[in-house]
Every structure is written in structure tokens, then in C-alpha cells.
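Hints in hand, dock the two standalone chains.
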Amino acid sequence: MERIVFGTLPYDLAHLLGGVTLLLSFALLSQRRIAATINTYACQAAVLALAACWQGYVQNAPHLYVTGIITFAAKGMIIPVALHRLVRRLKLAGGVDAALGIFPGMALGVAMVALSIMVVLPTTVQSQALTREDLALALSVVMLGLLMMITRKSALTQVIGFMSLENGLILAAVSVDGMPLVVELSVAVLVLVAFVVFGAFFLRLRAQFDSLDVTHLDRVGSAHR
Amino acid sequence: MIPNWFEPAAMAAFAPLLGAVVLSTVRTARIGSLIAILASGLGFAFACQLPWQMRAGVFILVDPLSAHVSILTAFVGFTTAIYSRRYIAVEIESGRLDETRARQYHALFMSFLGFMVLALLSNNLGVTWVAVEAATISAVLVVGLPRTENAIEASWKFFLLCGVAIALALFGTVVVYLAALPALGAGYAAMTWTELARAAPQSRGTLLNLAFVFLLIGYGTKASLAPLHGWMPDAHAEGPTPVSAVLSGSVMNVGLVVILRLRSLMAANADAIDPGPPIMALGLLSVLFAAFSLWGRRDVKRFFAFSSIEQSGLVAFAIGLGGPAGTFAALLHMTVHTLAKSAVFHCVGRATQRKGAPSFQVIAGLIASDRALGLTLAVSIVAIAGLPPFGVFASEILILTETMRQYPWLVAPLVLGLLVAGWKLAARLISLCLGEPTSGYGPTSGWVAMLPAWAHLGIVLVLGVAMPTAFAGWLVAAAQAVP
Numbered sequence: 001m002e003r004i005v006f007g008t009l010p011y012d013l014a015h016l017l018g019g020v021t022l023l024l025s026f027a028l029l030s031q032r033r034i035a036a037t038i039n040t041y042a043c044q045a046a047v048l049a050l051a052a053c054w055q056g057y058v059q060n061a062p063h064l065y066v067t068g069i070i071t072f073a074a075k076g077m078i079i080p081v082a083l084h085r086l087v088r089r090l091k092l093a094g095g096v097d098a099a100l101g102i103f104p105g106m107a108l109g110v111a112m113v114a115l116s117i118m119v120v121l122p123t124t125v126q127s128q129a130l131t132r133e134d135l136a137l138a139l140s141v142v143m144l145g146l147l148m149m150i151t152r153k154s155a156l157t158q159v160i161g162f163m164s165l166e167n168g169l170i171l172a173a174v175s176v177d178g179m180p181l182v183v184e185l186s187v188a189v190l191v192l193v194a195f196v197v198f199g200a201f202f203l204r205l206r207a208q209f210d211s212l213d214v215t216h217l218d219r220v221g222s223a224h225r
Numbered sequence: 226m227i228p229n230w231f232e233p234a235a236m237a238a239f240a241p242l243l244g245a246v247v248l249s250t251v252r253t254a255r256i257g258s259l260i261a262i263l264a265s266g267l268g269f270a271f272a273c274q275l276p277w278q279m280r281a282g283v284f285i286l287v288d289p290l291s292a293h294v295s296i297l298t299a300f301v302g303f304t305t306a307i308y309s310r311r312y313i314a315v316e317i318e319s320g321r322l323d324e325t326r327a328r329q330y331h332a333l334f335m336s337f338l339g340f341m342v343l344a345l346l347s348n349n350l351g352v353t354w355v356a357v358e359a360a361t362i363s364a365v366l367v368v369g370l371p372r373t374e375n376a377i378e379a380s381w382k383f384f385l386l387c388g389v390a391i392a393l394a395l396f397g398t399v400v401v402y403l404a405a406l407p408a409l410g411a412g413y414a415a416m417t418w419t420e421l422a423r424a425a426p427q428s429r430g431t432l433l434n435l436a437f438v439f440l441l442i443g444y445g446t447k448a449s450l451a452p453l454h455g456w457m458p459d460a461h462a463e464g465p466t467p468v469s470a471v472l473s474g475s476v477m478n479v480g481l482v483v484i485l486r487l488r489s490l491m492a493a494n495a496d497a498i499d500p501g502p503p504i505m506a507l508g509l510l511s512v513l514f515a516a517f518s519l520w521g522r523r524d525v526k527r528f529f530a531f532s533s534i535e536q537s538g539l540v541a542f543a544i545g546l547g548g549p550a551g552t553f554a555a556l557l558h559m560t561v562h563t564l565a566k567s568a569v570f571h572c573v574g575r576a577t578q579r580k581g582a583p584s585f586q587v588i589a590g591l592i593a594s595d596r597a598l599g600l601t602l603a604v605s606i607v608a609i610a611g612l613p614p615f616g617v618f619a620s621e622i623l624i625l626t627e628t629m630r631q632y633p634w635l636v637a638p639l640v641l642g643l644l645v646a647g648w649k650l651a652a653r654l655i656s657l658c659l660g661e662p663t664s665g666y667g668p669t670s671g672w673v674a675m676l677p678a679w680a681h682l683g684i685v686l687v688l689g690v691a692m693p694t695a696f697a698g699w700l701v702a703a704a705q706a707v708p
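From first to last, the protein sequence lines stand for chains H and B. Read in the numbering used here, the first sequence has 35 at position 35, and its numbers run on one by one without any break. Read in the numbering used here, the second sequence has 304 at position 79, and its numbers run on one by one without any break.
Just so you know, these hints were derived from the structure itself, not from any lab. There may be inaccurate statements among the hints.
[Unchecked claim] With beta-carbon atoms standing in for the labels, derived distance ranges:
#1 B:Trp277 - H:Leu13: 51 to 57 Å
#2 B:Val438 - H:Gly101: 29 to 35 Å
#3 H:Pro62 - B:Leu243: 31 to 37 Å
#4 B:Leu243 - H:Phe198: 20 to 26 Å
#5 H:Phe198 - B:Ile498: 19 to 25 Å
[Unchecked claim] Derived coverage of chain B by chain H (criterion: at least 3 residues anywhere in the stretch with Cβ under 8 Å from a Cβ of chain H; other residues may be distant):
#6 380-390
#7 432-446
#8 601-615
Cβ coordinates follow ideal geometry from the N, Cα and C atoms, glycine included.
Okay, chain B solo, but in the shape it has when bound (with noise of 0.2 Å):
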């Protein structure tokens, strides 16, 4: 059974591949920005004609939910590498970074963003789990190339977390696939989502139940629910920032859609367990020990990870709340909590390199001092902490409402903690971007540079403001993938 791998569909996640490829044999760094660019722009033209290609095959599966998420990533993706030129450019002249390591950042992001796509796309629970695993390898690697003592604890700290936590997930795949044995027989069926999801109510519930702990507890500490988000925080912290803005959103992506699909397919069995709960405690208990870690945080690089772990707890809560409209708020919290997230860290990154250390002593005043940078932060910051008139806003209130309307109870230590998260992210865009400067020796940036992170913030107004019919048409579809 060869798979065709160069179908359109499978090129999303195969141009940035093959861009890492050639960019390993690239000797200058310049250059190597260029051809990352051009591979992520690919990957990402690709992945916009996803929606016209839909299709289920052994390997590959392209149905609205993950057509929309490996878009998402994509763009990430494509922006994040346009805003890495400079990013690395500035790293080189510093002297943070050398020509050889700049060189290999690019090839390593490249591969990083591939495999997430591929891990996405993937029909086959095998395919997955070795996508993210080779994920995983690349983002070890990125997090540790500033090659300073605490990169490399960070990076190997993740390393051992997350490869502990792959290799469960690995058993529970096992276990799956002999839930699922004896509806669909030996073979490459009782490994392919849609085909398990099929054959669901007459797969073994108990064997389903092994199975939903052990790949719950792997794709969790992927999509760092607490308490398995402790690799987090660190890699935010050690590795590059533009790196920061992809691990923050499409890192936990991937983890949040496994556990989606795991979801439905638990959901569909009369013996299994349900779902739903587990996945709220562990949404629920991220949000609340999140939003109280924002408090004394004084790197900004570990502080906004803590807001991802916040932000990923909120959309493990909306799926673990099921049903259209959970799933719904779920998806579209994702979507833009990625885009808001991601313009956050282009905005920290450059704001690091103008004072010279992520912190919140070395950074504040930055209205008053680089006008561009200051107030593109200041909106970003307003965005995440889920303020009016943005996207995070909508969909934070669609979560509300659906939980007020089966858990009434649970909507108060919600609110608590988007609340007490809020707050501090308010008190935080007030002393990074109000007040008096602190002195700075880095480049400034203009607002052309802000551009990647203004098309994010953009997308998230529209989402927030005049929500386009077509697409919430499509996120309706994306959400009835996984019933």
C-alpha cells in the first residue's frame, strides 16, 4: 500500500519538508531566510486549497477540522518565518546566534512546521504519533540552539517530558488499535481515524477507556494541560522567540486536535467512559493554576507561556464540554488565540532585542520610545486578555454561555480565572507599554515589520467584529467532523 505522498494534499506538509531539506545544504543564512519563506509560502498555498480536497484515505485525512487547523498552522507558519528573517538577521549581528546555527534554525523550523502539518493531515494514529514525535525532535532542537546553559537544560527538559509523554501516547495507540480488532479486523483500518470512528460503538468500551487515559495524558502534555505543561514555560523562555510564537499555538494544536478526535470516538461507544469530564478537569485546573502563575512572573517570554497553558486549558474545557456549540467555541478559541498569541511574540521578540533581556524590568515605556512596536504589543496584549471588540472576546464569551448552560456551577472558578488572567495581563500592558522608557540599544522597528503581526491581529478583529457567514459555515462543518 504506497501512499502518494505528492498529492496536493500532502504537499502542505511536504514543501516546508522539502524546504528543510534544501535549506541543510544552504551555507549562508541570508539566503536560507529566503528559502524558508518560499517553502512556509508553499506549504501555506497549499494548505488554502485543502477545503476543495477533501478526501479520506489510508494515510491522509482531509476533512474540515483538519483542513482548517493545518491552514491555521500554516499561516503561522508562512508569518512567522517572514518576521524570522529579520528576527535572525538582528540575532547574527548581536552576536547571539552564529552563520552556522542561523543556517540550521531555519532548516529545523522548517522541518518543525512539516511535520505538525503532516501530523494534522495524518488518517493513521501510527503516522500521527511519528509526525509529532519528529516534531517534538525539531523543536528540542530549535529550543536549544542559543546554546547557553539554559537553552540546553530547557531543551532537554522538554526533550525527556515530552518524550516520556510521546511514548505513552505510542501505548495507547497500541491499545487502540486492538479496541479496536475486533470490528474492523488486523490491518491498517483499525488504525485510520475515520474508519475507528465508524466503527466505534462496536469497538471493546473498556479497551477504549486504557486507551483514552494513556492518549490523554501523551497529547495533553503536548497541548500542555496542567499537570503536564512543565516543559512549557522553560522552552518558551530559552529558545528563540519566533520559535515562541509556533510551540504557543500550533504545538498545542496538534495536541488539542488529537484529543478532539478522541473525544468523538469515546463519545460514540455505550461501554466507554465519558469524556467529557476528564478533559474539563484538566481544562479547568489549566486555567485556574495558569492565570494564578501569571502573578510574579518576571520574564515576559514565560510569563505570555503561561497565558498559552491559560488559553490551551480554555479550549480543552470547550471540547471537553462537547456538543455543536462547545466544539464550536473550541475551535474558533483556538483559532484565534493562536493568531493573537503568535502576534505577541513577534511583537516580545523585537521588543527583547531593542532592550536586550525578556524582561519586565528591562522592558517597559515602549509607546513612548519605539511608537510602531509599543502600540502593536499594546493591541496584541488587549486581544489575548480576551477584551472587547476581538475575537478572544467572542469566543470566551460562547464558551460562558455553553458551560452556563450545562454546568451552571462551573462557571464561576471559569470567570475566576479569566478574570484573574486578565488582570494581570492588563497590569502587564500597562507596564511594558505605558510610562517611562527604559533605555534601549537595539534596532527599532518600524511598522513594515509589524505587518505579520497586524495581519494576525486583523483577522482576529474580523472574527471578533462581523464574523463572515462562510466562515462560521465552515467552522460548523470543522466541528461536525467530530460529532
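Looking at chain H on its own, in the form it has when it is part of the complex (with noise of 0.2 Å):
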């Protein structure tokens, strides 16, 4: 594999669908409405998706071409619909309830960006640039999940910050050069990102909460023994 340095086309379009993908996470953090928050997530799927195909493209690696597939189709279409579904059902109401207010959130989001490029870069000098970049930006992407989890209280909402921050290990994965087990290992966080939809369905289902807020999980620990 030719060596693959800044201003060629295969750097250029890879950082590009990576700079697309964080920048996405930044708008889930940012989204005040459920609708537009599992919007924005398809949206980061698909970027995704196409990323993959680029790598598999770039790395020759007609195995990444699956990995995209999958991941299209799934988390930019069937786990959307289903979660637009859920929401038309259990008539949630529009609006999401954030812990940190937008500001605040963005700026939090911002450190964890910078945090992840100091972690990464330095460690990574020797490694191909694209490579190294691209590590930067999966590993902004699960900060950015994880900070969504953390800042939100709706189960729904946390969700999507979980599915995001597996969107960013993927993108992890599929940057790596000639990682073996990449298509097995996305389908396993599929299965994954699926049952956590399938809970967030069951719990709500089950209608054994008054909403969607996990601050009622503290009861078992707490109050009761």
C-alpha cells in the first residue's frame, strides 16, 4: 500500500468523513429535540458507513465494504426508524432533558476533543499520520458519547449517546491499517447497540417507570437496604 500523506485524495476525503463524524457528535450534544437528536445520529451512521467504504477502498480491503453495508443499513436506517417509532408510540414529549445547558455541554465537548488529541498524538508519532488523526477523531467521538450520557437524563437520549460512542470505535477500527475481524467485531456491537434498543423498548414498555429518567435507578441502590 502506497504511503498515504496530507494533500492526497485517499488523507484528504478519510479525514474528511472523520471530521464529519465528530462534527455530527457535536450537534447530538448539542440537539434540544428527541426527533432531530435520532435524525442527527442516521446521519452520523451514514457518514460512518461511507467512511468505512472509503477505508475499505483506500486499504484494498473489500471486507470494510461489508462493514459499511451493515452499518448503513442498520444504524442509519432500521434503528432510526424503529426509535422514531418508539417515540410516536410512547408519545415522548419533544423536547430533551439535558443535565448541562448548551453552552456548558459544548464546552465540555471541546476539552474532551482536546484531551483526546493530546492522548493520542503524541503517543502515535510513529505511526502513519492518517492513521494517528483518525485515532484522534474515534477517540473524540467516544468521549463525546460518553459526555452524552453523562448529560442527559432520558434513558432515549443516553441511548443514542451509547450508540454514538460505538459509532466511534468503529471508526477506530476501520481506520487502522489491515485490522483483522472488522466486520465480525461490527456486527457484535451491533448486536450490542440492538439490545440496548431492545431495553430501552422494554423499559418502557413494561411502563413500570413514570418516564424515561434513569435517576429512578438509584432506588435499588439506596433507599431500600
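Next up, the structure:
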């Protein structure tokens, strides 16, 4: 494989797609409406699918196309449609209950990205330029997903945060040169994601909670015993 | 590269998994429990042959370490399957579980067991990760089976915490691959434990550091080291008790074995940080935190879950100490704790069914009301508290002497943690087993029902009083597998 350097198409496009994935993570963090959050997630999955396919082309690794197609079909289409139906059927309110305001959330997000870059770039000085920057972008997406899970109170938006975190993992896996088992791992991740969506459905349909507000979860830990 | 999944070594994991597939089609819970016993028994039989099948393939690794922990896991799975037969029957009679859920219980339990053994026997970080993920999902479903509000909350919490943890572990896996890429080149080798260990000196130390952080957080959550233990007490308190017996030993062991392999990987690289201190810090924190958390617990299962966190912390501490003696002590402690703790949970499950609730207020004076059950529980708690003549005492002394040799000033906090925990366990032993019996309306348990627990306790006793030389040699070989 030829060495990929700055200014060539393989590098620029891969970088662009990774950057857009990260940008959509910020969009997720700032979204206030559930429907828009789901749509943003679908966009992120679609961009990720493109990134996987592009890496498949650049690395000449056909199995990455499979990862891309699976990602697009499941995370870009099926899961968002299912989530939209869930929202409509359960008549969830349009707003998202964030524990943090937009500005503090974004500021923390920027800090997370800075942290990821400061951690990844010095540790990967000898690696290929593309790999190290993609790894920094992927770690940023992971951190922003975590941040979203922490700053949202509703289980549904936490689930979307979790799924966006998983997008970061797939981005990392496809960007690393010749990583084996990527398809298998991405399917396993998908099972995890599907399970988390199923869990949110199940929790809600049980109608055992007044809302999807997970602050209830402290009940088992503290008050009872 | 098609692996031969049906070789005898892999069958130790696949026998329970095949059992799970068969169980998903069986209609009655009674037959289901027999199939579960058969499948886990077969798995145990295959696991017992592992010591004669040492090899390192692309996907399957049979070395003394993986063989030892697999046999242990398969054994506990087998005895717990035997124990589950009566336990689930009583649950159905009392109406807490219906026939459908009892069937689901057996199927999920077998898949949980199979994936855990697969994670232990896997030579590939990716396969380990997938197996741990699948085992987690099975365990989450089992914990939620009673379908009470609390059980569902506990399983959701379990799932979210462990889901995030294994997501971080996957990132760590990608970074390990990247670290080994220059030494091993693209392909399966850079994800294989044995090849990674061989090429560790030439791998990128800085990247290994980064991977270490993510893998330690990810698999440390599975090992339920403080402060990553949040899922553990709830999952124990709310799930079916036989699952606690397996959760307490085996899931933690899977996490600890990965941490052990990671330590030897890090230690072989000159540029990487010394993995010992961070692992020891997490371990010591778990010991102290869990020991003091034992105070004020009113739920019996939650109480023993905190005791498991303490013991897991102690194993992690010994792993962090490293060296042949430290690793030997860690493996011995892992073994005796797993056996003794599952015996405790076997008794706690019966006691809960007899008295109606897993609360210290409700369960008291067991020896007076149920002689066999009370005595077995008393002996199990003596074993778990680290009192002689049981094996836990021996392994704790080994860990303490090794600490004394390497870090004398750490002996004080460690002994404090062990004493605080031991004191509270002894106090609870008195309240649970001695004194005035409370009224019970569930079925009583005779000595025969206690046989699985006594099998465990017998092994723990022998390991404490007169460890066979062959077993000691076997553990030394296991410790040498991860220098």
C-alpha cells in the first residue's frame, strides 16, 4: 500500500469523513429535540458507513465494504426508524432533558476533543499520519458519546449517546491498517446496540417507570437497603 | 482461515452453548434442568482434558492459565447447574418464576457459561471481546428474569455500565493492535495473545500505555474493581441466586485473567509504564472500600456481593505485585475464593427460599431450624472470611508475605481491610447461623441438597491443609504462562 500523506485524495477524504463524524457528535450534544437527535444519529451512521467504504477502497480491503453496508442499513436506517416509531407510539415529549446547558456542554465537548488529541497524537508519533489522526477523531467521538450519556437524563437519549460512542469504536477499527475481524466485531457491536434499543423499548413498554428518567435507578442502590 | 471449532479444546465452551441451543427448543423446565446439567457436565469433562491439549492456535489458546481457570469455571457451572434444578423447581412452586422463564433461565445460564469459557480459552483479543460481550448480555437477561421492578432496574444498570466498559475495552483492543502493528505486521498475529507476548519488547510502548488504560477500565469493570463495581451488588441482590454463585466467581475471573495477561504484556516492554502500581491501587481501593461497605448491609446477597468485590480486589492486588510468588498467590486466591463463594451463594439461595427474603432480619438461627443448611453456610463463611484451616487463609498469607517482601508499608492497609471484612463476616455468621431461629415456611434442605457446596468446600479445605504437590506444580506452571 502506498504511503498516504497529507494533500492526497485518500488522506483528505478519509480525514473529511472522520471530521464530519466528529462534527455530528457535537450536533448530537447540542440537539434539544428527540426527533432531531435521532435524525442526527442516522446522519452520523451514514457518514461512518461512507468512511468505512472509503477505507475499504483505500486499504484495498473488501470486507470493510461489508462493515459499511451493515452500518448504513442497521444504524442509518432500521434503528432510527424503530426509534422514531417508539417516540411516536409512546408519545414522548419533544424536548430533551439535558442536565447541562448548551454552552457548558459544548465547552466540555471541546475540552474532551482537546484531551483526545493531546493523548493520542504524542503516543502515535511513529504511526502513519492517517491512522493517528483518525484515532484521535475516533477517541473524540467516543468521549463525546460518553459525555452525552452523562449529561442527559432520559434513557432514550442516553441510548443514542451509547450508540454514538459505538460509532467512534467502528471509526477506530476501520481506520487501522488491515485490522482483522472488523466485520465480526462490527456485527458484535451491532448486537450490543440492538440490545440496548430493545432494552429501552422493553423498559418503556413495561410502563413501570413514570418516565424514562434514569435517576430512578438509584432506588435499588440506596433507599431500599 | 477457518478455525476448527469442534476440536476437544473448543468443545469445553461449545458444549454449554450447544446445550443452550437445545434448551431454547425444550418446552418443560424439568427436562430443561436435566439438559443443563448434561451440557455443563460435558463442558466440564472436556475442560478436564485441557491440560493434555496445550496449544496456541489463531483463535484458541490452551496454556496452563487458561486451562486452569476454564476447569474452575466449568466446575462451578456444573455444580451450579445441579443446584439450579431444585432451586428453580422451588421458584416455580412458589410462583416467583413461571415455566417459560424457568426454561429461559436454563438456556441463558448455559450460554452465559459457554461464552465465559470461550473468553478464557480465546487466544484472540477480538474473540475474547465478543465472548465477554455475549456473556454480559446473557447475564443481563438472567438478572432481569424475575421481572420484578428492582430486577429490571438492576439489569438495566448492569447492562449500561458493562456496555460502556466493554465499549472502552474494544477501543483498547484496537490500540493494542496498532501498538503491535510495526512488530507483527497487519493480520491476525497482532491480535493474538501469544504473538503479542512474544513481540511485546518490539511493540510501541506509548501505544501500549494508552491501550492499558482502556483495557484496565473495560475489563476492570468485569472484575468489579472499585470504583468500577457499581453493577455488581445490584445484579447479585436482584438476580436469581444460582447466577450470583457464577457471577461472583467466574465473571470476575474472566476480567482478572485478561488483566493478568495484559500485565505480562506491559511488563515485557521497556517503554511502557510499570503496570503493577495502577493494578495494585485499584485492588487495594477495592479491598478497603468493600470491607467498609460490608457494614450496614441489610440484604444478605448484597452483603456477599461486597465481599466478592473485596476478594476480587485482593486478587488484583496480588496480580499487581507480580513475580512468580505474587501471580501464584493471585491464582490460588482466585481458585479458593471462587469455590468458597459459590458454596456461600448455594446456601444463601436455599436459606432465602426457606425464610422468604434475603434479609438479615428474616434469616437467623439457621443451625437450629435447618441443621444441614446452617452448618454448611457457617463453614462456607468461615472459609470465605479467611480463617484457617481453609485455602483462603493460605492464599491470603501468601499475598501478605509477598507484600511484606516487596512493599512493607502496604501491609498495614491490606491487613486493615482483611480484618474489617473478616470481623463483619464473623459477626454475620453468628447472626445468620446461631441464635434464635426465625420462622420459615419454604422447603427445608437436607445434607444431600448441600452436596455441591460440600464438594467446593472439600477442595478449599484440602488446598488449605495439604495442597497436593501436583496441584502446586500446576499453579506454578499457570503463573509461568504470564511471566
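Each hint, compared with the structure:
1. B:Trp277 - H:Leu13: 51 to 57 Å: Hint holds: Cβ distance 54 Å, inside 51 to 57 Å.
2. B:Val438 - H:Gly101: 29 to 35 Å: For H:Gly101 against B:Val438, whose Cβ atoms are near 30 Å apart, the range 29 to 35 Å holds.
3. H:Pro62 - B:Leu243: 31 to 37 Å: 32 Å, holds
4. B:Leu243 - H:Phe198: 20 to 26 Å: Taking Cβ atoms as reference, B:Leu243 and H:Phe198 lie about 25 Å apart, which means the hint holds.
5. H:Phe198 - B:Ile498: 19 to 25 Å: 40 Å Cβ-Cβ, so the 19 to 25 Å window is violated.
6. 380-390: holds (count 6)
7. 432-446: holds (count 3)
8. 601-615: violated (count 0)
Against the hints set out earlier in the document, violations occur for numbers 5 and 8.
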